[in-house]
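Residues per chain are reported as follows:
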Amino acid sequence: MSDTSGPILAADGTPLKKKLQQTLFRSRARAFGLVFPLLAFIIIAFILPIILLLSQSVWDSRYADLMPESTKAVAGWDSSTPPTEEMAAAMVTDLVQARENKTIGKVATRVNRELSGTRSLFTKTARSAAKLEAPYLGALIDRDEDWGKIETWAAIKVAAKKFNPSYLASAVDMKYNADGTFEREDEGRRIHVKLFWRTLEISFLVTVFTLLLGYPVAYLLSTLPVRTSNLLLILVLLPFWTSLLVRTTAWIAMLQGQGVLNDLFVVFGIATDEDRFSLIYNKTGTLIAMTHILLPFMILPLYSVMKTIPPSYVRAAKSMGARPSTAFWRVYFPQSVPGIGAGALLVFILAIGYYITPALVGGQDGQMISNIIDFHMRRSLNWNLAAALGLVLLVFVLFLFWLYDRIVGIDNMKLG
Amino acid sequence: MAESESDAAFVEFERVQKSYDGETLVVKDLNLKMPRGEFLTMLGPSGSGKTTCLMMLAGFETATHGEIKLGGKPINNIPPHKRGIGMVFQNYALFPHMTIEENLSFPLEVRNIGKSDREAKIKRALDMVEMGTFGARRPAQLSGGQQQRVALARALVFEPELVLMDEPLGALDKQLREKMQFEITHLAHQLGITVVYVTHDQTEALTMSDRVAVFDDGRIQQIAPPDQLYEEPENSFVAQFIGENNTLEGVIKEIRENGLALVQLDDGELIDCTPVNVSQPGERTRVSIRPERVEYNKARLQKGVHTLKAEVLEFIYMGDIFRTRLRVAGNDEFIVKTRNAPDQERLQPGQQIEIGWLPQDCRALDA
Ligand SMILES: Nc1ncnc2c1ncn2[C@@H]1O[C@H](COP(=O)(O)OP(=O)(O)OP(=O)(O)O)[C@@H](O)[C@H]1O
Ligand SMILES: [Mg+2]
Numbered sequence: 001m002s003d004t005s006g007p008i009l010a011a012d013g014t015p016l017k018k019k020l021q022q023t024l025f026r027s028r029a030r031a032f033g034l035v036f037p038l039l040a041f042i043i044i045a046f047i048l049p050i051i052l053l054l055s056q057s058v059w060d061s062r063y064a065d066l067m068p069e070s071t072k073a074v075a076g077w078d079s080s081t082p083p084t085e086e087m088a089a090a091m092v093t094d095l096v097q098a099r100e101n102k103t104i105g106k107v108a109t110r111v112n113r114e115l116s117g118t119r120s121l122f123t124k125t126a127r128s129a130a131k132l133e134a135p136y137l138g139a140l141i142d143r144d145e146d147w148g149k150i151e152t153w154a155a156i157k158v159a160a161k162k163f164n165p166s167y168l169a170s171a172v173d174m175k176y177n178a179d180g181t182f183e184r185e186d187e188g189r190r191i192h193v194k195l196f197w198r199t200l201e202i203s204f205l206v207t208v209f210t211l212l213l214g215y216p217v218a219y220l221l222s223t224l225p226v227r228t229s230n231l232l233l234i235l236v237l238l239p240f241w242t243s244l245l246v247r248t249t250a251w252i253a254m255l256q257g258q259g260v261l262n263d264l265f266v267v268f269g270i271a272t273d274e275d276r277f278s279l280i281y282n283k284t285g286t287l288i289a290m291t292h293i294l295l296p297f298m299i300l301p302l303y304s305v306m307k308t309i310p311p312s313y314v315r316a317a318k319s320m321g322a323r324p325s326t327a328f329w330r331v332y333f334p335q336s337v338p339g340i341g342a343g344a345l346l347v348f349i350l351a352i353g354y355y356i357t358p359a360l361v362g363g364q365d366g367q368m369i370s371n372i373i374d375f376h377m378r379r380s381l382n383w384n385l386a387a388a389l390g391l392v393l394l395v396f397v398l399f400l401f402w403l404y405d406r407i408v409g410i411d412n413m414k415l416g
Numbered sequence: 001m002a003e004s005e006s007d008a009a010f011v012e013f014e015r016v017q018k019s020y021d022g023e024t025l026v027v028k029d030l031n032l033k034m035p036r037g038e039f040l041t042m043l044g045p046s047g048s049g050k051t052t053c054l055m056m057l058a059g060f061e062t063a064t065h066g067e068i069k070l071g072g073k074p075i076n077n078i079p080p081h082k083r084g085i086g087m088v089f090q091n092y093a094l095f096p097h098m099t100i101e102e103n104l105s106f107p108l109e110v111r112n113i114g115k116s117d118r119e120a121k122i123k124r125a126l127d128m129v130e131m132g133t134f135g136a137r138r139p140a141q142l143s144g145g146q147q148q149r150v151a152l153a154r155a156l157v158f159e160p161e162l163v164l165m166d167e168p169l170g171a172l173d174k175q176l177r178e179k180m181q182f183e184i185t186h187l188a189h190q191l192g193i194t195v196v197y198v199t200h201d202q203t204e205a206l207t208m209s210d211r212v213a214v215f216d217d218g219r220i221q222q223i224a225p226p227d228q229l230y231e232e233p234e235n236s237f238v239a240q241f242i243g244e245n246n247t248l249e250g251v252i253k254e255i256r257e258n259g260l261a262l263v264q265l266d267d268g269e270l271i272d273c274t275p276v277n278v279s280q281p282g283e284r285t286r287v288s289i290r291p292e293r294v295e296y297n298k299a300r301l302q303k304g305v306h307t308l309k310a311e312v313l314e315f316i317y318m319g320d321i322f323r324t325r326l327r328v329a330g331n332d333e334f335i336v337k338t339r340n341a342p343d344q345e346r347l348q349p350g351q352q353i354e355i356g357w358l359p360q361d362c363r364a365l366d367a
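In order, the protein sequence lines correspond to chains A and B. Under the UniProt record's numbering, the first residue of the first sequence carries the number 1, and numbering increases by one thereafter. Under the UniProt record's numbering, the first residue of the second sequence carries the number 1, and numbering increases by one thereafter.
Worth flagging that the hints you see were computed from the coordinates, not collected in a lab.
With the C-beta cut set under 8 Å, the calculated list includes, among others, these residues of chain B facing chain A:
1) PHE60
2) PRO80
3) GLY86
4) ASN91
5) PRO96
Note that the structure is a prediction, hence the values are computed from the model and not measured. Ideal Cβ positions, reconstructed from N, Cα and C, are used throughout, including at glycine.
Start from the sequences, fold in the hints, and give me the full structure.
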């Protein structure tokens, strides 16, 4: 009757919409204020470094910054004709400058990644570059005949690119050529793809093993009376409260040639004293230790899902004439699938980035991709390649996530 | 006669005991015989062992002692899936990952019934509970009452002779519950199945069953048809538990030749009662009278009956009946229900009246 035409007013006369927005704004601001410290921390300590590091996988301006003249010169070169005098002159200028600035080491390292053996070519030539006189190409070739090879200059051309796919290419065992094409790495140098496959294989096997071992345990836990199941749950959680390093080292004591397990095998005549099983410093060791360490991550989601499945479902199935096995597979199992999905995804993703355990017990063929990433981060200091490998891994995991979402549905997942 | 003899024991509990923890008996010495086609309700307070009995019959719990027979054969060693007993669970237990049709198809599939046969049976069962158009839905997409009906259809679709129902209407509102009560009894009689029904709602028990077994403390306190249970309770627990009840405490003075007992109430008054589970003069007793069997209208009081003085404490007009609270022989909670008839007197609080009843409505039970 009153104001059907105008906006609806709140009790104090302000329009209702505005009033609502004011109230909402206040509560939103409060909510934002509460999460802000954590948000800021995550952005500064987690997201930013990741972005910075990952950007290195496709961005490397070291050569272009330190050797500006030759960068310009090789950019116009078609990478198939012999090097020109102009390129040689620019190179000499840059080399003189680089030696003066003491940056020649970095430059040499960078080019060496594209073509091994070029490091000494650069450092050696730079030492006498100031004395070189025109025609520079001849002078350079005089110093070292490698300067006359197209190969050398192609490597320089690749190194000079700022936005550079060569690291990503090498992360998947491909070679990025100076003319912009890709080709597969020589047979003997294909190591990453093999390592990715092995990482996948180990993660997959660990997931399967934890599922096979964890499912019955979770089932038992969910059917026991609370008091008993709590006690057993503590036993399941116990590994969480022990350092990862301690657990891994314990496995070394268990599994090594003169270890507890092999001793037992010898005692029971399963193995002879001279011919003990090699259970560690290989893939077997990695599998055993990782399965054990990741088992709780499978059991907990399974348990939390199974706990919510009332026993009346299986009883109903049996009362309708289903044998226990039929009742299990057709009624119980489908309802535990969200737990399997959550547990498997959790274990798989944790396993795919596992690092300490394979490093300690993996030997040669138990190494995973994270171990080679670590190698490039700390030993070879090729951070760009490390970032590229990391990026490939990340994209792959995200792809799996997407696949899982398509097949099972992410909202079907229960973590607790 | 021989026929009904064997039928008399379609379901039989023989001296059955059950303990979960080895310390306390949840079911103590249960004896029960059910003829084919009977609708029996187990009624009792929470924790009295009703579900336990049902689970033993269905095979999900084993009896600690005694024997359970089905169709004359002991079933203690038969696993649940071979007993052929339909069951409706309290929470319905419809499989959430299957559609309604798949739910109903399940018991038929595990019996290897052919596809066309299956479809015909499913359709018939769903039509029977008026859920024919819901076959493609999942249980979560149905209301409580609809789920209940599907659960019923699923328990019946494989045509079991015996169906067990554990508080199937517990989660429904009053109106729907009453409708479903009618539908379930109707279906049970139409199909001629034997039903064991568990509830702790006494109205439900009285309206649905052929016989009601009242459970308390792991024993059957009384098993009888509803009217008998209500009018002739055999002990004070049943009298208290079923319907509304007035109790007066006293001592047996003598048991007369005409079968009646003279009881002296605690305030000294003497009344005539029907002795039920009392036998000796001097024994303490709890006298039980239904509120609607008490009279205060002098014209309606029979000649020769004992009357007691009473003071009106409260008079409640409830439309179809009057409910009056009295103080009788020191009991402040003595209730009288009278029909709202034209000649019925409306009492005032504070009024002093005389009340009386027939000796057969007044039962002397154990104290
Ligand atoms: N699995 C079990 N383990 C141990 N004790 C149990 C178990 N199930 C039931 N009990 C105990 O047995 C007694 C009877 O339980 P039951 O479930 O048969 O009662 P009920 O009559 O069905 O009660 P309600 O009306 O509440 O369903 C209770 O005291 C209960 O605590
Ligand atoms: Mg119960």
